[in-house]
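Asks: Sequence:
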Amino acid sequence: MLLERQNELKEAAEALRLAAHGNGSMVVISGPPGSGKSAVLSEIGELAAGLATGPTAGSVVPGRPLVMRAYAAPSERSFSLGVTRQLLEPVLKSGAFAARWCSGPARPALAFLQGDPESPRQHTATAVRALLAMVENMSQERTPVLLIDDLHWADEGTLDWLDQLVRQVPHRGILVAATVCEGEPATEPPGVRPVAAAEHILFPAPLGTASVDALILERLGVPADPEFVSACHDATRGNPLHLVSLLQECQSRGIAPVAAEASRVASLVPPALRRRLLLSLQEQPPSVLAAARALQVLGDGADPQVVGELAGLDRVDREASLWRLRRLTLVVRQGTALALAHRAVHEVIEDAMPPGERNRLHLKAAALLRYRGSTPERVAGHLLATTAPLDDDSVAALRHAAEAATLRGAPETAARYVRRALRDVPPHSEERAGLLVELAAVERSFAPSVAVRHITQAFPLLASARARAEALLTLTPVATGATLLPLGDAMRQTARELTAAEARPADRRLLELRLEARLHHLCDIDPSVLASAAGRLTGLGGRPEMTHAGQRELLVALMYTVTVSAALPAAQLRTLAARVLAHEPARAAHVHTMLPLVVPVSVTTDSVTGLMSWLDTALADAERRGGRLEQSVVLSEQALVLLAQGRLSAARERAVRACSVIGPQEASTLSLIALAMVALRTREPELVDELPERIRGVHENCVLAGLLTLVRGMKAERRHEPAMAVEHFLDAEYALERAGWRNPVLAPSAYWAARTLHRMGEAERAEQLCEQHLEQARAWGAPSGLGRALALRAAVTDAASAPRLLREAAGVLEGSADLLTRASVLLRLAEAVAPRHAAEAEAALRTSYELAVDCGASRIAARAQEMLGPAAVGVPTRGRLTSAERMVAQMAVEGLTNQAIADALGVSRRAVEKHLTNCYRKMSTSGRSGLASALEDAGLFEPTGASAPPAETIRPQGAA
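In terms of numbering that gives the first Met the number 0, the sequence shown is residues 0 to 959.
Note that these hints are calculated values from the structure, not bench results. There may be inaccurate statements among the hints.
What the hints assert, rightly or not - Capping the alpha-carbon separation at 16 Å, the derived lysine to aspartate or glutamate pairs in EDC-like fashion look like this:
1. 714 to 730
2. 714 to 726
3. 913 to 726
4. 921 to 935
5. 363 to 392
When you get a sec, could you build the whole thing from the sequences and use the hints?
Replies: Dropping the structure here:
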C-alpha cells in the first residue's frame with residue numbers, strides 16, 4: 000500500500016505514456032534512506048506491466064512495455080557491467096524476439112550475455128556498443144522500461160553504458176527509472192553521471208499523521224489512539240522504512256496502539272533499522288563519521304561550529320559533512336542548532352564508538368564548552384559521561400555545576416556532580432574533605448542520614464577547628480535523630496578546640512554559639528542539660544541579643560529545652576519566640592538551623608498568630624528549591640500550627656504529606672512528632688502504622704518514644720482494652736518524667752490516663768492524675784493546655800462543680816488559638832448550664848457553633864445548632880456578609896483556588912482564607928461544598944458577569 004505518493008506516480012505514468020509513443024526519458028527517484036524510493040520504483044514497474052494488455056502469445060504489439068529490473072549493491076561494484084547484465088540477461092529467454100534484438104550491430108551482445116561474466120575480454124567497447132544496439136532494437140518493437148534500484152551503487156561500466164543510453168532515450172521509446180539515495184558518497188559528482196540528464200526527478204515526502212494512522216491499522220490490525228499515532232510520527236519523522244520497522248517491533252513485543260503505550264514508542268530501536276543505519280554510516284568518509292560522533296557527544300542543540308571543533312574539521316569539511324548527514328536525514332536542524340534525528344541514530348553511533356574515543360570526546364567537549372562560556376551544568380554533563388580521570392579544572396567545573404543545580408532547585412542533580420568529582424580526588428586529602436562537606440550540604444535536602452555519614456567521613460580530614468565546626472553545622476539539627484552516629488562527641492571536641500584556638504576570627508564566637516545550640520538539642524534527654532537550660536536562658540537577660548544567627552539559634556535551642564521541661568512559664572517564652580520570628584526571614588534554609596524548634600515552642604505556648612503565613616512563604620521557597628526535606632519539615636511545622644488552631648483535617652493532611660514527601664526512612668524527628676501528635680488529636684492511631692517498625696534513632700528521642708507509646712495506648716483503647724491502654728499511658732509518663740520532659744501540652748500522658756481511668760470507673764485514680772495534670776498546666780500557663788486540663792477536671796469531678804470549671808476553662812480559652820477546644824468547652828458549658836441559665840447557654844452555643852464552623856468541626860456545629868433550634872439559627876440575611884466577603888465567596892463558588900482569588904484581588908492568600916472563614920461561619924456551612932447552596936438560598940449568588948456592588952478594600956493580613 001503506497002501512501003501519499005499519488006503525485007509521483009502520476010508524473011511517472013505520464014513519462015511512461017510518452018515513452019510508449021516514442022518519446023523516452025529518465026525518471027530519478029531521489030531521497031534519504033527509507034523514504035520509500037524502492038516502493039515507488041516497484042509501482043512504476045507495475046504501471047508498465049499494466050499497460051501490456053491485449054496481445055496474444057507470440058504476437059508483437061508495438062509500444063508494449065518490456066520491464067527489466069536490476070538491483071545495485073556496494074559489494075558488486077567491482078563487477079563490471081554487472082547491473083547491465085542483470086537488466087538484459089532475462090531477455091535471452093524471449094526466444095525468437097531475443098534473436099532479432101541481438102542481430103546486426105547487437106550481435107556481440109548475445110555472446111556477452113551468454114559468456115563468462117568474469118572474462119576481461121567481455122568488457123570491451125564493442126560489447127558496450129552491442130548492448131546499446133540491443134536496447135535500441137527492443138525499442139523498435141516494445142517499450143523498454145529499465146528499473147534500477149540504488150543506482151548510486153552501480154559499477155563504473157554500467158554507469159558509462161547507462162550514460163550513453165540516456166542520451167539516446169529522448170529519440171527512442173525507452174524509459175529508464177532509477178532510485179538514488181541522498182547523502183551517499185557515490186551520489187556526488189562525478190559519481191552518478193546519468194542522473195544529470197534526468198528529465199523527471201521525484202522526491203517522496205515524509206508521511207503525514209493520517210498515513211501513519213493508516214499504516215498502523217494495516218500492520219497492527221486495530222485502529223490506533225491519536226496519542227500513539229503522534230508518538231510514532233514523532234519517533235520516525237514520517238520515514239516509511241523507519242515506521243514499518245517500528246511497527247514490526249511493536250508487533251513482536253505485543254505493544255498495542257493505545258495512548259498508554261505511546262511513551263514506549265520513542266524508546267524502541269528496531270534491530271533492522273539499527274543495521275540499516277550502521278551500514279549507511281560505515282559507507283561514509285571519515286569526516287562524516289567524526290561529525291556524527293561529535294553530534295552524538297554534544298547532544299541536542301549542538302552549535303555547528305562546536306561540532307566542527309570537536310570533530311577536528313575545518314569549515315569546508317564541517318559544512319560538507321553536516322550537509323551529507325542532513326541529506327541522509329540523520330541530522331535535523333533546531334533553529335540554528337543541530338541534533339541527531341532520533342534515538343536509533345544515537346544508539347548506532349554510540350555503540351560503534353570505542354570507549355577511549357568516547358572519553359576523549361567528552362573531555363574535549365567539556366573543555367570547549369567551558370572555554371565558550373556555556374552553562375556549568377552543560378559542561379558537567381560531559382564530565383559525568385566520561386570514566387577518564389579528571390584534572391583540577393574539571394573538578395572545579397563540577398563543583399560550579401553543583402552550585403548552579405542547587406540554585407535552580409535540583410539538589411539530587413547537584414549531588415551527582417559532586418560524587419563524580421570525588422572519584423578522582425586523593426582519598427586522604429583535605430580537598431576530599433571539602434568535597435564531602437559540599438556533598439553533605441546538598442544531600443541533606445533529600446537524604447539527611449547519608450549527609451551525616453559523609454560529614455563523619457570528612458571530619459578527621461579537616462585541618463582546622465573552624466572547618467570542622469562549619470562541617471558539623473552543615474547538618475540539619477531536626478534530622479540528626481535519624482542516625483545512630485555519635486555527633487555529640489564530635490561537637491563537644493570541636494567546641495573545646497575552638498575555645499583553645501589561638502586565632503580568634505570575628506565569627507568564632509558565632510560558631511561556638513551555634514555548636515552550643517546543637518549540643519543542647521542533641522542532649523535534650525539529659526536531665527542535667529534540661530536543668531541547666533533555664534539558668535542559661537535566664538542569664539541571657541530579659542531581652543537577649545538577636546543580631547546574629549548564632550545568637551538566635553542558641554536562644555531557640557534553650558527555649559525548646561525549657562519548653563519540654565516546663566522550667567519557665569509559657570508567657571516568658573511566648574514573647575521570646577515572637578521576637579525570634581520577627582528577626583528571621585521566611586526561607587526554606589531555616590530548616591537546616593535550630594529555627595524549626597521555635598514552632599513547637601510557639602504551639603506549646605499557644606502563640607501561633609502570624610506563624611502560618613510565615614510558613615506558607617517558607618514552603619513556597621522550599622518547593623522552588625526542590626528540597627524534599629525542607630518541604631517535609633515545613634509541612635510538619637504547618638501541621639503543628641494547624642493542630643494548635645484546632646483545624647484537625649488540615650493538620651492531618653499536612654502531617655501525612657510531610658512524611659510522604661521525604662519517605663518515612665528519612666523523615667525528620669519533627670515530622671514524626673507531628674504525625675504522632677496528629678494521630679493522638681484526631682484519634683487515628685493508624686496514621687503511624689506506615690512508619691517502619693524500628694525508626695532509626697527512635698529510642699534516642701524521648702518525646703517521640705513517649706508519643707508513640709501514647710498512640711499504642713489509644714490503639715488498646717479502641718480495641719476495648721482500657722487496662723492495657725492505661726498501662727501504655729503510664730509507661731509513657733514514666734519514660735518522659737525520667738528524661739525530664741514534664742510539659743503537659745507536649746506529651747499529655749496523664750491527661751489520657753485520667754480520661755481512660757474515669758471511663759473505667761476508677762474515679763479516685765482518675766481525679767488524682769487529673770489534679771496532677773491540672774497543676775502542671777496551671778504552672779505552664781498556656782491557655783490551650785490549661786483549658787483542656789480544666790475541661791478534663793470538669794469531666795471527672797462531680798456535676799455540681801462542672802459549670803464552675805467549664806466557665807473557668809471558657810474564660811481561659813478566650814485567649815487561645817485552639818478553636819476546636821474552645822468550641823468543645825463552650826458546647827459542654829451550654830449543656831451543663833442550659834437548665835438554669837438559658838441566656839448563658841444560648842450565647843455559649845452561638846459562639847461554639849461559629850468556632851466549630853470555622854475550624855471544620857461538623858459534629859460540634861451540628862450539636863450546637865440542634866440545641867439552639869431552627870428558630871435561633873436562621874438563614875443569614877444579605878446584610879450579614881460584607882461586600883468583600885461576598886466577592887470572595889462568589890469567586891470560591893465559581894471554582895477559583897484561594898491563591899487565584901488572592902492574585903485576582905491583589906491580597907495575600909491568608910486574607911482570602913480569613914474572608915472565607917467568615918463566610919462559612921455566617922452562612923452556617925462547613926466548607927466550599929455547601930457554600931454555593933447557602934448563598935443561593937440567601938439570594939446572594941450572582942452568576943458570572945453579573946454586576947456586583949463596589950467592594951470594600953481587602954487588606955492583607957497584618958496591613959494597617
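Asks: Which numbered hints turn out to be false for this structure?
Replies: Number 3 only.
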